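One line per chain: the protein sequences are A and B, in this order. Our numbering puts the first residue of the first sequence at 443, with every later residue one more than the last. Our numbering puts the first residue of the second sequence at 443, with every later residue one more than the last.
Wrong hints could be hidden among the right ones.
Given that identical chains are not distinguished, each listed pair holds provided it fits within a single copy or across any two copies.
Mimicking DSS-like on lysine-lysine, the simulated pairs with C-alpha atoms at most 30 angstroms apart in a straight line are [what the hints assert, rightly or not]:
(1) LYS616 / LYS796
(2) LYS796 / LYS746
(3) LYS672 / LYS486
(4) LYS569 / LYS796
(5) LYS672 / LYS796
(6) LYS737 / LYS475
(7) LYS581 / LYS569
(8) LYS746 / LYS486
Keep in mind that the hints were calculated from the coordinates and are not lab data. Predicted, not measured: the structure shown is a model, and the values here were computed from it.
2 protein chains.
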Amino acid sequence: MIYVPSRMGQFNRRALLRRLQRLGVASRAELAKSLGMSQPTAGKIVDELLAIRVLEEIEPLETAGAESVARGRPGRQLRLNQSQSRLLAVQLGLLETTVAGLSLGAADADVWQVSFLLGRNEPNPAKAWEKQLRRAAAKIGGSNLLGVLLSVPGLVDDAQNRILFSPNIHWTEKADLAAIVRSVWEVPVLLVQEERALALGHHAANPDCDNFLLVDFGEGVGGAVILDGKPLANSLPISGEIGHTPVLGNQRRCGCGATGCMETLVSLRGLLESFSQDQRGQKTSWTELQEYIFKHGLPLWLAKSLEAAAVAIAGALNVIGLRRVVITGTLTELPPVVMAHLAQAVQNGSMWAKFGTVECVPAPRRRTAGLVAIGIDRLVVPDAKENEFSPKISRRQQVALKPKS
Amino acid sequence: MIYVPSRMGQFNRRALLRRLQRLGVASRAELAKSLGMSQPTAGKIVDELLAIRVLEEIEPLETAGAESVARGRPGRQLRLNQSQSRLLAVQLGLLETTVAGLSLGAADADVWQVSFLLGRNEPNPAKAWEKQLRRAAAKIGGSNLLGVLLSVPGLVDDAQNRILFSPNIHWTEKADLAAIVRSVWEVPVLLVQEERALALGHHAANPDCDNFLLVDFGEGVGGAVILDGKPLANSLPISGEIGHTPVLGNQRRCGCGATGCMETLVSLRGLLESFSQDQRGQKTSWTELQEYIFKHGLPLWLAKSLEAAAVAIAGALNVIGLRRVVITGTLTELPPVVMAHLAQAVQNGSMWAKFGTVECVPAPRRRTAGLVAIGIDRLVVPDAKENEFSPKISRRQQVALKPKS
DNA sequence: ATCATTAAATTAAGAAAGTTACGGAAATGA
DNA sequence: TCATTTCCGTAACTTTCTTAATTTAATGAT
Chain A
443 MIYVPSRMGQ
453 FNRRALLRRL
463 QRLGVASRAE
473 LAKSLGMSQP
483 TAGKIVDELL
493 AIRVLEEIEP
503 LETAGAESVA
513 RGRPGRQLRL
523 NQSQSRLLAV
533 QLGLLETTVA
543 GLSLGAADAD
553 VWQVSFLLGR
563 NEPNPAKAWE
573 KQLRRAAAKI
583 GGSNLLGVLL
593 SVPGLVDDAQ
603 NRILFSPNIH
613 WTEKADLAAI
623 VRSVWEVPVL
633 LVQEERALAL
643 GHHAANPDCD
653 NFLLVDFGEG
663 VGGAVILDGK
673 PLANSLPISG
683 EIGHTPVLGN
693 QRRCGCGATG
703 CMETLVSLRG
713 LLESFSQDQR
723 GQKTSWTELQ
733 EYIFKHGLPL
743 WLAKSLEAAA
753 VAIAGALNVI
763 GLRRVVITGT
773 LTELPPVVMA
783 HLAQAVQNGS
793 MWAKFGTVEC
803 VPAPRRRTAG
813 LVAIGIDRLV
823 VPDAKENEFS
833 PKISRRQQVA
843 LKPKS
Chain B
443 MIYVPSRMGQ
453 FNRRALLRRL
463 QRLGVASRAE
473 LAKSLGMSQP
483 TAGKIVDELL
493 AIRVLEEIEP
503 LETAGAESVA
513 RGRPGRQLRL
523 NQSQSRLLAV
533 QLGLLETTVA
543 GLSLGAADAD
553 VWQVSFLLGR
563 NEPNPAKAWE
573 KQLRRAAAKI
583 GGSNLLGVLL
593 SVPGLVDDAQ
603 NRILFSPNIH
613 WTEKADLAAI
623 VRSVWEVPVL
633 LVQEERALAL
643 GHHAANPDCD
653 NFLLVDFGEG
663 VGGAVILDGK
673 PLANSLPISG
683 EIGHTPVLGN
693 QRRCGCGATG
703 CMETLVSLRG
713 LLESFSQDQR
723 GQKTSWTELQ
733 EYIFKHGLPL
743 WLAKSLEAAA
753 VAIAGALNVI
763 GLRRVVITGT
773 LTELPPVVMA
783 HLAQAVQNGS
793 MWAKFGTVEC
803 VPAPRRRTAG
813 LVAIGIDRLV
823 VPDAKENEFS
833 PKISRRQQVA
843 LKPKS
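Build out the structure end to end from the sequences listed, making use of the hints.
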């Protein structure tokens, strides 16, 4: 009744969840062996997670499909609970907001259940958004939820769980989005930077790909870094803003207020602007650009723009020490020659290329998978962060917060 | 006799050492409070570190200078042992190698005790180096050593404790430097990337500066990142190679084999080359450049070169999420207008500048302090790395390594 | 059919490293 | 001289891990 430490081994618990997410299906014994922990420990953690319905046991019938030449007692196979939507994903877009229920085992491509639009000239956008969100909530329901993951473009201040800066959706900077969402569902809410979700989604889909830089091309250009399977983040709220790396000689004004940002060249709008200029000011569209490249190959302006992007990417690779770039978004919709040119330019600027290969590959956006990964990491395991500098941090505080006896 | 876990709380031990290094002098109670651990725990760790002479207690006489208005029993003040050289630092330079004994409490500017040169055209440089090193060892001695820290330029593969690539000192790539040094002193040897040592040294001297990018200008241009007080490093051996970020439009060949690297413009040689070109091919020297800038202000070519460097720096800041750059080396020896221009250019390209200030400050090189920090972290606390993914990693292996009973 | 074999899961016992609680030690000030 | 305050160490206890032993559930051979 005196000593109230943090809950039993969150590290091990989190590690086990991550490993199970990676393996898909595994028995207690497999988990224990692959994590290097003892069977009793893995067993206890599994029991606890089963009790709160985060995991589920699979009937042996389901897996009987695989021919099993096992010798001893077969392990009871486990997986993340897929039977229930325990998480809700909300994606805030430029105009459209989409909402979906997600099971912990979900790792599919993005499938949204409900969506709504917000008028551009809404007088009170925060209020309007909340109203629409309530309507969506009524449609979707959501019982037994662990929490809501809110994917947002722009800078997210993790510590404050607020949006710091959003050049395209300014009203979100003032509004407390997390509070609004919490008022609707009354469960924990996490704001997640869009690109971070994408990067974690890619990681979930490619578990062996543990270190990479993801760059997403769309309205803007944003990035996120995964290091040893975990997002690169520090105590400062900004990261991954690769789109705002300046490009020497570029004079375009950026939405962020600066001049010469890389994204003014290779964002959707930037590309179309360049294309239009190249076509003597004619109005142009995305499909026209696709066709143009398909017919005439890579125009000079695009090659230059890609090289500018590659410089920023290669710089990031060199400083952080990476050898893999994952590209998502609009750029992957253009003919392959575009990605090829970008990849070559990245290769040319990358230190790693001198010792091996530097990969630069396109990939689909897997926002929901990334949100689920974050949800599992931050919502399933009850207790909060554990800082290496004070491993047993906040025990004292916990005593104060929830006194026992 | 069955359960042989990793030694008692390396995390806490390391944390306590780091904190003491930061505080300089502290009592057990102060350490416990500032780390958030209980007094008995801090006391036990301190006792153990005193026993192996890593810490020492200070006679109250020494500290009596400070007027103490303390109320209760005064704490027994502790500090890192300064009475003995427990670490040896070896700095491998382009031609010169320098060796120094360091006490754990040392945090002064670099003071080397012995140095020797290696001829440029040595037929067997590794052998010659070893011979010279033995002679230096005879001079310096070194008893009761915890280990040797070897600062090297170029890419270090931490996992292998080997040099991967060194454009200027190629022979080190083939030779196993760690083995050579170990054959001389017969204690653990750690290879440390030069810039990482500098960054940790800056951190040791400025404990409140927990997140920054350090860029060192010299023969080449290298960098290192400190995140939350710890060097940014992942499982891949390369990082901090900011000097090899390509610069759009730059056609100079770099020692690394690529074309257009930023360091071809702002390294010592790069600056002099540009200066010489600007002076119509006249041969020039560093002091002449200093005087020229002092007299005529910033020449256009230098402004352009600085802006190119700033782009690479700003890109790194934006991606990693930093707001502070520390500049060391040759660039800080030029008139202040140089740093001012660089700082302004970094500011212009940095995302953080939109929410607050971005610092870009010169600083002295503090190699030894950084090496001591690494030594304390990796040599004093016996057991090796602890991975979050398998918190109890290698316990089983330890049983195999040192069986008890 | 029964039993040995094998591997998974559980139970039991114990070690490590933390915690709180308490008491003695060493200073100051009334 | 004594009350007060703070530091430090000891004792008892808690959590969470471990190893070791046992039980359970399957396969294959006699």
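| Hints violated by the structure (numbers, ascending) | Failing hints, ascending: 6, 8.
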